[in-house]
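Number of protein chains: 2
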Amino acid sequence: MSSSATTLKGQPLDKAVLDAMLRRRMFYTPSFEIYGGVGGLYDYGPPGCALQANIVDLWRKHFVLEEDMLEVDCTALTPHDVLKTSGHVDKFADWMCKDPKNGEILRADHFVEAILEARLKGDKEARGQKVEEKEVDPKKKKKAKSAAAVKLDDAVVQEYEEVLAKIDNYGGPELGELIKKYDLKNPETGVLPSEPVAFNLMFQTSIGPSSNLPGYLRPETAQGQFLNFAKLLEFNQSQMPFASASIGKSYRNEISPRAGLLRVREFLMAEIEHFVDPEGGKKHSRFHEVEDVELVLLDRHVQLSGKTETKKMTIGQAVKNGVVDNETLGYFLARIHLFMKRIGVDLSKMRFRQHMANEMAHYATDCWDAELLTSTGWVECVGCADRSAYDLTVHAKKTGAPLVVRERLDEPKVIEEWQIDIQKKKFGPLFKKDAKTVETALEATSQEQREKLAKELTETGKIVLDVEGLADGKAVIDKDSVVIEFRKRVENTREFTPNVIEPSFGIGRILYSLIEHNFWTRASDGGDESRGVLSFPPTVAPTKVLLVPLSSNPQFKPAVKALSQKLRSLGVSSRVDDSSASIGKRYSRNDELGTPLGITVDFQTLQDGSITLRDRDSTTQVRAEESKILDAIKSLVDGSKNWEAVASELPKFEGQEIEVAVR
Amino acid sequence: MSSSATTLKGQPLDKAVLDAMLRRRMFYTPSFEIYGGVGGLYDYGPPGCALQANIVDLWRKHFVLEEDMLEVDCTALTPHDVLKTSGHVDKFADWMCKDPKNGEILRADHFVEAILEARLKGDKEARGQKVEEKEVDPKKKKKAKSAAAVKLDDAVVQEYEEVLAKIDNYGGPELGELIKKYDLKNPETGVLPSEPVAFNLMFQTSIGPSSNLPGYLRPETAQGQFLNFAKLLEFNQSQMPFASASIGKSYRNEISPRAGLLRVREFLMAEIEHFVDPEGGKKHSRFHEVEDVELVLLDRHVQLSGKTETKKMTIGQAVKNGVVDNETLGYFLARIHLFMKRIGVDLSKMRFRQHMANEMAHYATDCWDAELLTSTGWVECVGCADRSAYDLTVHAKKTGAPLVVRERLDEPKVIEEWQIDIQKKKFGPLFKKDAKTVETALEATSQEQREKLAKELTETGKIVLDVEGLADGKAVIDKDSVVIEFRKRVENTREFTPNVIEPSFGIGRILYSLIEHNFWTRASDGGDESRGVLSFPPTVAPTKVLLVPLSSNPQFKPAVKALSQKLRSLGVSSRVDDSSASIGKRYSRNDELGTPLGITVDFQTLQDGSITLRDRDSTTQVRAEESKILDAIKSLVDGSKNWEAVASELPKFEGQEIEVAVR
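Chains E and W supply the protein sequences, listed in that same order. Per UniProt numbering, the first sequence starts with residue 1, numbered consecutively. Per UniProt numbering, the second sequence starts with residue 1, numbered consecutively.
Hint data in this document are derived by calculation from the structure and do not stem from the laboratory. It should be emphasised that the depicted structure is a prediction, and the values quoted were computed from it without experimental measurement. There's no promise every hint is true.
It does not matter which identical chain is used: a pair holds within one copy or between any two.
Derived BS3-like pairs (lysine-lysine); straight-line CA-CA distance at most 30 Å [unchecked claim]:
1. 634 <-> 566
2. 185 <-> 91
3. 231 <-> 561
4. 557 <-> 231
5. 566 <-> 61
Next up, chain E with everything else stripped away, as it sits in the complex (with noise of 0.2 Å):
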């Protein structure tokens, strides 16, 4: 496979042989197969749900725990008027053409995509230069194979290189337009698909016996977090800033799911929104603890530009040069850099990639990606967005709560401004029925205005104000009804809509990034094909502790029973593999399973109680006394020793890791 995706150890990496190895040991599987499967739905098996679990766990403790955040479990099933209200069912689409000859379903930009990068493919190949397999997502490889080896025009390979690169910032019509310039046939037909539509990505459903109340299943967490905000300031003791924080599922009927876990229809999302104050630039009271973070980035700028090139500075230096917009956001993008470094991923295939402006969610007003590098290209893990004070906004205003922070002031605010005293008794009289409507209009005219019908006021007797509502359209209000005037006005206390920081992980992908990462494969001592193996840190490693005895004689089953409750009670999981096979074969397939350590019971330990333990990644051992190994093991799984530690305080043990034939 001439892919450049490398392993762990800079080896080619065969993402068939991965996938392979990932299936035999059910990290994950096609849900409902035995139906013939649904696209874009996958079920985790054992090892995959333990490290789902895992990197979840660390989620919590990184950022709920270690920041107080509210964390809070909202239901999926949603009412429309919620997500009508978000914008949801009006913007929450992709664009997607039909093929009128065989009635397949392309998405737009997807199939966009695929197209010109055949044809670059089909240029390089006439060219006689090396194709790069790195960036082409295999959700598209049927079409980009299908390419004839038609050499182009260097201005043509620019201006495909530049839509590329910007292939996120264009919209359903543009889409349309870049089909039709560039005669983008269907490869299955020959024929160009139809103008794109969009198709809402909501999965429908009804509430109820009667069907009366249409509902939706969540596309994200963070509606209900928001509807939640004035029950979780008062939660909070009225203090500001603060986060809450969601872990569940969420739904995306996905137009053609192709690409394994990292485009399906049901996936675990971890979301925080991080209410603060808009006035006062967004600062982070812990700012100055990550701001000598180092992060890659790749700025919406250089995008636009048609190019791809990351720099890498830290966090402080980003923040100060405007390149990130504010403390709050870049103290988030520093935190989740630290994430990714804790769970495993492999640093040197991460970057932060802003959105451009047509790109981001209709609610953003700036927006980070943290994208990982895999296979099939760079992959959106987590994305995190300054949502302004948009949601809170628009649920306050369709629902007349009052999502806002009231905030006594230290010092009572003097403000001195046009003021506007309608005096009720003739007011009243005056307009009647309309009085409510006139007083309305009133209120809401701005300084600017005010200031002119003071003018008005005195040098006319009267003012003449547009009303609408009203049969003329128009209000006359004489000086003995109003008095506008300009003066000072105390105020005790400042009502604001707070601002969202929102970092939301995308947890399936993150996993599946993360076993990219931590794959490798190495020759085996017998001389059979490579072997896998997943380097996870002990942290996330789906079981941390392998119980191997010997060979299946009875007489070692009550050490390993005692090994394993004993390992129980500090908290650290195990398995038993007390099959048939060979101690090389059974330590084989726990490397595939990223097991980090490994423990032999034998013949020696049932004289002397000492144990051996075995590090997956050097397969170098060391035995001693069940404490002594027992205290490695807590420190190696809590990650206050590594490996080298270990094996310098505890006697190496040369004696095994032979094939032992033990029917």
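The hints should help you fit chain W onto chain E, whose structure is shown.
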């Protein structure tokens, strides 16, 4: 309130007071409340979310880790075919009536129950007896209240009581008959509701852009586990028995959910599918570990006789006497009992109730519910069903997937039976295109049939077989085309479909019942109204330690921060309350949140480093140097010591717990 439900301390439980407290402390809250809410949907706030996470964590330790279960995470979205095969499309329904006058939709069993209970209540009032509301569900209260105080005949009272005892045993037509027989008119309108019709409880949606794949939200997590059976068995290296487990959301479109967390449309389930060989009486290798656990049982026969008396016996006796069908089912009932005890359920408010025949789900052969007594009566919190081989059989039949176990026999088995040998050379030309159909029909014959056919063949030289799908429905086979013989056959492997024992936990119901079981009120020192306390065991308490600086004086901040970090590194969750409220008020707030321990940092702390530790339940305090207090906390949280032990070891402190005014 005249309810006979009691608190942990035996006080009358005032549900209104408890509900107000749970709302105030944001344990849970109606979802989408600012949009008016949606029946049966609730969000968990921070304490509810933490309580839920702790229950789930203990569940995972108690069941999954303790028994090496294979945890999987399957999708909630499920295609139609799967749930059609499982029987849910046709049978997963409740009986629903409609009021012809106002269109109100009523759940038939609840409707019958409510009116009969109201009549019994009216009868008691008429007889001047005290009315027990314990067993009256709030969902029916409106109607119960509207019944008049009318005395009934003694025989009628007995009849109603018998109907109520077996209300879960009636189907739709029987409920319809009861409505007519007892003239059960809707109190809202005074008319009889319509005949009950089945309403399917699954939420429907469609998967993919072309709407051609109908699907549902799963009503249970079980199906995903069954569909993965073959892969799980392989993952388990073909060893039997084994269990899979899954924790995830399920969905039921309840007709009229009105009982808070007890009847919701989206809920967290934790389910185990224990696969066991149906031969050999379903023994369990660890049954001896639990056989002396004593359970409170309400069996099927008692209920069918119209009574509700329970019996107390060890699970060993219950299995021996046949009250509980087999060891595996019994093992899990005992393990459920121990889990409930571990999380802090009041065992005097728990019973195991056996399902009556008509009440059981369509797949079950025996089923026991762990029920917890709450202010709304007995609530089913865990179901423990023997689903036999139902699910694996129907899915295997539908898909052709071999959902079976193949076991190598230690000793080959010799079977003597009637066997059929088809003589292909003659048989083929005889039936031509129908050969396969006739062969299948022959293979499908039973031993009895074969014996008769052999006799027929010997006597007449031919057999006449009914074959569906043939032109005349019959095949005539002569003795040259078939041999039927009674002879020996040697089997080296045994193939069987495992039976499934399924303990299924409704986490939300357990959580709510646990809250009620641990709630009590204590009179305040200051003479205000009594204050709520939630005496959760430290293991499940949402937060373990409250950190309270004596005042909001900034000089306390460093000590509080340092303590908070030390507790975090011990894995103990804590929260700081440095608000300006009095110490008493701050502790009182955390008694309502169920926080078991409190640390006060005062001026003496700054001098000598000592801190005080307060016990939520007794409000007594000890004072010692920091390291001793941290050790005590660690032991209290991991359950190795109780407060009495700590209080006997460390010096008592009586200085604080004064209402210090500290603005």
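Hints versus structure:
1. In this homomeric assembly, residue 634 and residue 566 come within 30 Å of each other (Cα to Cα) both inside a single copy, at 11 Å, and across copies, at 19 Å.
2. Proximity of residue 185 to residue 91 under the C-alpha cut-off of 30 Å is restricted to the intra-copy arrangement: shortest distance 27 Å within a copy versus 48 Å between copies.
3. Taking the closest pair of Cα atoms, residue 231 and residue 561 come within 30 Å of each other only across two copies (26 Å); inside a single copy the shortest separation is 49 Å, beyond that limit.
4. When the C-alpha separation of residue 557 and residue 231 is checked against a cutoff of 30 Å, the pair qualifies only between copies, where the shortest distance is 27 Å, while the shortest distance within a copy is 55 Å.
5. Taking the shortest alpha-carbon separations for residue 566 and residue 61, both the intra-copy value of 25 Å and the inter-copy value of 14 Å come in at or below 30 Å.
No hint from the list above goes unmet by this structure.
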